[in-house]
Amino acid sequence: MTHRRTPNNPWLYGWCLEAVSKPPRIADWGLRIADWMTSKSAIENPKSAIPSVLRWALVSLLMPICWAAPESKEAEPQRFPVVVRVDFGAAGKPAREAQLFVDSGSTPKDVVSLLFPIESDAICCNTREVAAIDGIRADPEKNRWWTCRINGASNIGPFRTELKPQDWVEWIYREQQQ
Amino acid sequence: MDLSRATAIAGMILGVAPACLAGEVQGVVRLEGVVPSPMTITIEPDRGNHSTEGCGSLTRRSQQLLVDPQGGVQNAVVWVETSAESADHPAGETVVLTQHECEFDPHVVVVPSGMMLSISNADPLLHNIRIFRGIDRLVEEWQHPHAGDLLMRFPAPGRYLVRCGVHSWMYAWVIAAEHRYYAVTDAHGQFRFSEAPVGLQTLYVWHEILGEQQQRIRVRAGRSFVAIRFAQRGREE
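Line order of the protein sequences matches chains A and B.
Be aware that the first sequence starts at 2, since it is given in my numbering, and climbs by one per residue.
Be aware that the second sequence starts at 2, since it is given in my numbering, and climbs by one per residue.
Calculated directly from the structure, the hints in this document are not laboratory data.
It should be emphasised that the depicted structure is a prediction, and the values quoted were computed from it without experimental measurement.
Any given hint might turn out to be false.
[What the hints assert, rightly or not] Computed list of chain A residues with no C-beta within reach of chain B, every gap over 10 angstroms:
#: 1; residue: E98
#: 2; residue: D122
#: 3; residue: A139
#: 4; residue: Q167
[Stated by the list, open to error] The following label-pair restraints were derived from C-beta to C-beta distances:
#: 5; chain 1: B; residue 1: L139; chain 2: A; residue 2: G158; range: 45 to 53 angstroms
#: 6; chain 1: B; residue 1: Q214; chain 2: A; residue 2: I173; range: 33 to 41 angstroms
#: 7; chain 1: B; residue 1: A228; chain 2: A; residue 2: K143; range: 44 to 52 angstroms
#: 8; chain 1: B; residue 1: S38; chain 2: A; residue 2: G106; range: 50 to 58 angstroms
#: 9; chain 1: B; residue 1: R62; chain 2: A; residue 2: P82; range: 43 to 51 angstroms
#: 10; chain 1: A; residue 1: P95; chain 2: B; residue 2: E102; range: 35 to 43 angstroms
[Claimed, not checked] From the structure, some residues in chain A lie toward chain B, with a derived Cβ separation under 7 angstroms:
#: 11; residue: A123
#: 12; residue: F160
#: 13; residue: W169
Quick reminder that beta carbons are idealized off the backbone N, C-alpha and C, glycines included.
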């Protein structure tokens, strides 16, 4: 098989088109290499280009690496399942539990907002805090607050902690004694 | 008859008193029926983010509803609704709210118009002061042991809730008063205004559990006595 360094190289473009249909990381690499291989500067000024033998050696080396490379998070967010449970406690509404598929980087706050409308406000310290879920708002007078746990642990940041696959997220409307 | 005396008499007749005429009002706030036993709070030691070392007893009486054997209700706020003007207290004077053994003392405090609230930490541990008006949080400040007092001037008259963000059971009510005719009932449900505007007045009473009620009273130039009774009601859910 021979390869010509022309912009219309059908094999190279065919390969690239095929690569486009693969995971984005591979497509990205394929297109970059194709661009380089067919760049005008390399064609019009062959002296400035890397010798073709070296170039093809490099391509031969890079292609398998590209194919084998793991998918990039930037290119396509991973999606994974988590379980969310919202317990309205003293508010007297029935609890709701669901398995949801979420993007990597999602937080407990993101996840509960897929189930119910939420409101954010500075109940304690930050305007990004969850102040209300489905109209049930934190009530300072009755000492009722939304609390969040991941896999039973409460030392988490509801709008900061990134969830992992299979995490169990609980939002509980808790009334504390006073 | 001089003009001021005529005005005073007219005011008494019409139920509108000039500010210069004042009478003493004593009273009691009672709960009808069976006296409820106080609720007890049991605090779990050092659970989660809060330290309880230095909090004193971990089993304590809730401040929510305190009623003496005669039915006297403690920590009710009593005030006279009046248009009579009262002089502001001198600027710089403060009312003190202390955090002691992980409890606010007093549980209900009135801050008269013109005065500031000073919150102090007498505990050997960290507190987190949060002040709410309704559902709106106005203040959030950490207060270390031996730290300086937190001074607060309230933006408007009304009822404010002070909580500790570390110790969930700790709270107090602050009443930012429009005028000086406010009082808080003592352990026997008694209150006293040394000088209330003479004439027909509306007396209001508010208690965090029992709610609010009002009563028309006639304040005399001497001493008046009033009894206010709350009916039994459960805690709101």
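Discussion item. Which constraints among the numbered hints does this structure fail? Numbers only, ascending.
Written reply: Checked against the structure, the hints that fail are numbers 2, 3, 5, 7, 12 and 13, while the rest are satisfied.
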